[in-house]
Amino acid sequence: MTGDAWLPLLVVLTSLITGLVIFFLREEQSRLRTVLNVTGATVKLGLVGIMLWGVFHGHRYEIRLPFLPELDLVLRADALALLFVTLSAGLWLLTTIYAIGYLEGSPNRSRFFGFFSLCVTATMGIALAGNLLTFFVFYEMLTLATYPLVIHRGTATALRAGQTYLFYTLSGGAILLAGIAWLSVLAGPVEFTHGGTLTHLTDRHDHALRIIFVLLITGLGVKAALVPLHGWLPVAMVAPAPVSALLHAVAVVKAGVFGIVRMVYEVFGVQLADKLGLLTPLAIVASLTILYGSMRALTQDDLKRRLAYSTISQVSYVVLGVGLIGPLAIIGGVVHLVHQGIMKITLFFCAGNLAETLGIHRISEMNGVGRRMPWTMAAFSLASFGMIGVPPLAGFISKWYLGLGALEADQSWVLTVLAGSTLLNAAYFLPILHTAWFKSPLTDVWSDNKPDGTFETKLSLLAPTLLTAILILAVGVFAGSVISPLEWAKLIAEREYRP
Amino acid sequence: MTWAAGTIMLPLVAACLSFLVRRSATIWIVAGAASGIVLAVGSLAHEVWKHGHLRYPVGGWGAPLGIDWYADGLTILMLLMTAAVMSLASLYAWGYLTHASNSGENSPGQSTVTHERFWPLWFFLWASLNALFLSSDVFNLYVTLELLGLSAAMLMTLGGQPAALTAGMRYLLVSLLGSLVYLLGVGVLYAAYGTLDLASLSRISNSGPQTWTAMALMTLGLLLKTGLFPLHIWLPPAHANAPSPVSAILSGLVVKASFYLLLRLWFQTFNPHLSPSAGQFLGVLGAGAIFWGSLQAFRQERLKLLVAYSTVAQLGYLFLLFPLTGTASVAETAWSGGIYLALAHAFAKASMFLAAGNIMLALGHDRISQLDGIAQILPISLFAFGLGGISLMGLPPSGGFVAKWLLLKAAWDGGHWWWAGIILVGGLMTAGYIFMVLKRAFAAPTGHMAVQPIPHSLEFTALALAVFAVLLGLTATFPLTLLHISNPFSMAFITGGG
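Keeping their order, the protein sequence lines are chains X and A.
Mapped onto my numbering, the consecutive letters of the first sequence carry residue numbers 14 to 512.
Mapped onto my numbering, the consecutive letters of the second sequence carry residue numbers -5 to 492.
Keep in mind that a hint or two might mislead.
[Unchecked claim] Computed from the model, here is a short list of chain X residues facing chain A with C-beta under 7 Å:
1) Pro79
2) Ala191
3) Val198
4) Gly201
[Said to hold, decoys possible] Some chain A residues near chain X, calculated using beta-carbon distances under 8 Å:
5) Gln370
6) Leu389
7) Ala425
8) Lys433
9) Leu474
10) Phe483
Everything labelled a hint here was simulated from the structure, so no lab data went into it.
Every residue, glycine too, gets a C-beta built ideally from N, C-alpha and C.
Next comes chain A alone, as it looks inside the complex (with noise of 0.2 Å):
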């Protein structure tokens, strides 16, 4: 119960504190929480990996009155990848930031994050992530995911350049249209069944216009939310103007959270409910992400916008666990491989935004055409790039493989040859525009460039994300059988949770 609560308050205070205390107490705050937060998860993670999972009743009031927290095995993976993702990134954007303020009087045109606007929106992000992944009632997800959306949007336009602006004002937009379609699914679910507990729902509701309709306007308004292939015109933009560390948290974990709703509605509550073709067609949205953004990925001229474009690509394999979990015998082994992709691609990711962020303060620009060389400039940073690529390539040793491994799996155990060849396709493209920008970097450099001294952290640490990446490729046993417990297709679970 107190780790549960840690995982949420810590982040609320530091957010707090962090806007008020002077500037040169907030590391020690920034450093505090971050730990806080990672031992409150881990002591967590314990506890499910020990007694499965686990219910708390809120204030002492139980659904269906009162509110729920749950924690099962995909909860405490959400939460770890967060609590690293985060972690990390934070030990980024302080450099960053220090790196900014320091360089900001020379270059004008340069953003203008400082740390007093940043952190609190930052730790309050971060609070927003972790009471969504641990709620377990509707409305209470929405509130979540209202806040959650509401930070990003600013996070987003703390660099305060025009292009931000707009991409983060429309974002804005989109965000609360998702909500809002979101809760008027709920209001119906309410309507009809006098509840909004997850757990309640899943035994009482019945398969009807009401459930159908409601089910559809809240898969609307999330896959609006996770920027899913034809709704993900506003993400691209959005991702890749924002400040570095903030366009890492979003590509890598804010998507991903309204994607983790989508599972546990689908899968969890309103399984028997919803017929196969419609699983089919987020599979079939998701193959048309892989391909249309894959191919956009390729057609940009801007890094950060083809790392972005490449995130609707990926999320696109994500839904393919919809319909590959259609076919009961191989329904489990789709379920890890699409959760474990979501995990890879989050450090991945992650760490090339980060990579990217490097290149944009060395060379004050991130033109793929004029990065010839720049491998040996930056050859950490493009060492993590090529490494996060590897991951999202599919190839071993990588998160990323084992992912593609079990999806593979799936799709030809299943009988499903055709989703097969759209992840083997799939993974070649993705190489296509890796490797487009890898070739630039190695190539001999033309001319003089204009580059400015970065600190080491900023580097170091884009590398430690992109190791994560790879060593979840060697490291598989435990993230699966954790995400074993309670899963809504194993039959027996192993820690006798139940």
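Next up, chain X with everything else stripped away, as it sits in the complex (with noise of 0.2 Å):
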């Protein structure tokens, strides 16, 4: 075994170790907290471009540890691995600065970001993870490693918030385990695989490898909120706001959606899935969560509530990639990976910096708040426009490789989809920045109460959110370069689509 092999590992337990030390730190020592995640964070990014310099020129990063009889714990870098690698781990530096910041003065700040590095770990074993088993473990440890984060505040309905949370992760886990299971009696262990791992199962196993794709996808769906899964997504908003940036773009609802490219892509191999008869379902299943989510955002006044309903709608752009068999499909999905990431944690720092600053949580409050933090709001424009799939953002990009994928699958009818989607995101997030922007302000109150003196909220927690604000524009404006998040995707679709 290389160096190279530990390359997997190591990325892990810069986070765990990092987790478990916090653990033990008393309360007051804030600064060697800090010190500890901000190190942690940034040696993992460290590891993480060494990796994917080592992919991109076609090296593979593998560790495998003994875990049952025949059956090893993998972790692998592979190009899909470091796209959500690299994204978790980039947003995760800034979700911690952010977070430092955000809960200042606070109670059980160690457990919080113990727990906060513990869930890092875990989508980093699952983003990492080179067989089924491995990729298990680690998504339950971030359903465990999650709960306490969203119960952090501790009143009545975080810990009811919590409870839901739990009643859908868990009932979602055990599914999938079941699904598993089965497919191990069925297949021996499933490693994943460009192109599929099933192709040795005759015509006989047909019928059982659909229940146990319907099982899988339940069981991901959850964290994916798949609608009608999705219950848990809008309760956990109650969580402080890292901790929604961290369900919603970093960790929770990326495992799953990434569970399903999983699956489809490496598990069942896009030619049985399809044969199967599976993918066209998935794909109207992922329609009706777009229009779903977008349509249940339009009416919610709370701006956590909202987002969380806009994420649903979203992250279903992934599995509708997913589910149209084409190299140009497999593009815009995988890309929207990154991209919903960015967009969205963009969206909920700032919902975060407008609580924390001047105690706004409804739109209906929000009347002309950009007056007093433009740079917030201007951060929240820009995302909302990326949302929106306006040129040259983010979520274009991803729009346009959806819409070239549908037509290339010759399923025209997702065009509709896409169409209406757009719609329906402009109809709820233009009232807001009108709100924002040119309705007068409601009180005076928020006027010269600046917490820094010079900026409008603490440098912390700004300037996070000014920086993936600037990602959005980058990823969209230099979609073209060898490092956008584009590029890679196509390194992805070549390399599963690759005779």
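Dock chain one against chain two, each of which comes alone in its own frame, and use the hints as you go.
Right, here's the structure in full:
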């Protein structure tokens, strides 16, 4: 085993060890905690950078640890894994900085950052998992590590939200486990392989495979918030803003969608899934989710709740991309994994800034807030336009490739879904912008109450927000450059469809 | 030979000594005996690992006249589990008793367990456990079972509260009844075959009413002692009202002893004579235990009772092994899964009882409705409780997950999707009552809590046990290979012991 092989494990360990150490820190050791957090995140990013360079040049990083007889824990860095790893590791650093500012002075921070790091550990594991069982191990770990974050405030509403969250995710986990156990019995240990691993199964198993597919997608669909398994997500928005960012952009929802991508491309394989007639139903479920989420978002007055329904809708773009056959749809779906993450984290950062600085939680309270917090609202506007799909922002790139993919797959009805979703997105984002920029403020209480004196809010809250906002623009404008998510998605598609 | 004798003699000697010497010397006896036993068990494990299963004639007289000791992979696993849990629980008990005797004067309602009364019984129990796992004839097993029951009953009542006395008395009666029924079965066997040695019995016994009667009686007795639903009524009050270190080993180890005996009888002695429907029946009782125990756990208002009902449910899982081994192709997987569950449960449940004990010491009560915010006061104990809970739910990475995975695979592979469903739903129900507690613990504290400081050693022993339960999920290869040595379902004994 060469030194290279340890890289995936190290990427997981950088946050695991950080988390475990942080648990044992005393509450008041906040400087040490910050140093640990930021160091862990930075080292992780560095390691990810090395692997990105390697994978781009055709390296494969893989480590196997014996787990059960005939069954290893496998961590493997391939192109798809690194897409998710880079997204999570990058956004983790920003979210950590944001969370340090957001939670300054509040109780139980050691507990919070401990579990926060465990969450990212689990996400790294999910991304790098090389077989189904490894994936499941980290998938369940993510559920458990997120729970204490969702209920961090300890209020009755938070506890109820936590209960709902657990009810959905643990049930989903059980269904997923049922599917995995069944599949392992049929096919032996399931390794993720380009083009699918189930090619050796005969037609006799078709029926069983269909049921297994439904079990797997249902189990994953809970975290991916596919309608009707989405109930936990709007409820969980009671969590602190950095946690929402984690749920919606960095970890949980992404883990579900990423799992679906893995199942379709690397367990079943597009051809088998298509032969079994499973992809079109998946695309239809995704389309319904896209439309339903947007429709529900229209009527929400609570800002974070509206954003939550928006996530339900947006994340299913990825699933839609998976459900269409052809390289262009893959590109559109996979790249949206990154684009949605960047856009949604910006929106939640903004919502957090409003709540933390001015105590604003509802859209009806946002009248004229653009004058008080122009930078935050500028970032919010940029992200909103991105979500709607205005060129040249991130969301446009995803939609463009999804649309092309739909035409390539001869499923032109998808264009209607995309157009409808764009209109709905505009219908629930533009009124917020109108309220914030063009209505006059209801009160003048927040006139000159600036925490840091110079900026509209704490720098640790504002800087990550602006950075992600710039990214939204950058990944769109520089979509053609080598280091853009789009190019990486093309690399994935090319490797998936290479004969 | 000497190592096997050591595992039994060392705790016996420690029991006598701790009764005789002064209080100040007791700590040396406890520490010495515990490390000595761990060493003896470790060396015995090494021998079996290298040479395969071992059989010792005690005092030079072999079966059928004399008594044999027998050790295979299963024996070793049970001995190792006992050594690890008992050692950590001893560490806890030392802190617990010292704490109790220091704070005893200011709180008259508290327990009056003293070192002098505790340690002799404790080591006696340890000796009977080790002897039971090593015995290989049905009468010797009866003797060890009886000794185990007696020492357990006395340990239970040490606290002296009325509830503990009633529960302990009830346990004693049930335990005696169980032994008696078991002994009746032994009598039938002796009348029929003239031998009590398990190996000889497995050779000469035949399918017939005598074997069936004997098996039915012995099984009934053992089920009573294990506390399988619906014979579990005695278990929750007995386990919940005992002093916390005792609760931990009652739930973690003592009920496993009679379960172990059942395994020996069913799978290594009378396997050919038992009809599959008998196994199915035990499985149905197990499923009943999972549902009933979990439902009752939900309804409890006291933490220790909740944990005790959880034991009722988890014992049910162990009995799924009986129907699942009915299909030859998956028998070995199911066997490994069931035993692994017993192993993981020992560590997880012990840590949970110790954590619950810490909460009780700190707050003076364990009412679940008043635990708001306890996670801020006793974070380590709650972390231990949570980790133990993860293993019980069967979530990865934990010993419980490995066990559940093996059972699930066996169920699916053997076409028993019905049992697979029960395993999964049972896991969700477990999650339900564990998170009911954790939810309270994470809630924002309501008002001021009167908290007594407790020694750190108590918190860290609970955590250590929980970490063991989690590690079992990451290092499953070693125990599973060990379990493979002379297991009743494998054709080839990998270490060549034959």
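- prompt: Among the hints numbered above, which are violated by the structure, and what are their numbers in rising order?
  reply: Of the numbered hints, 4, 10 do not hold.
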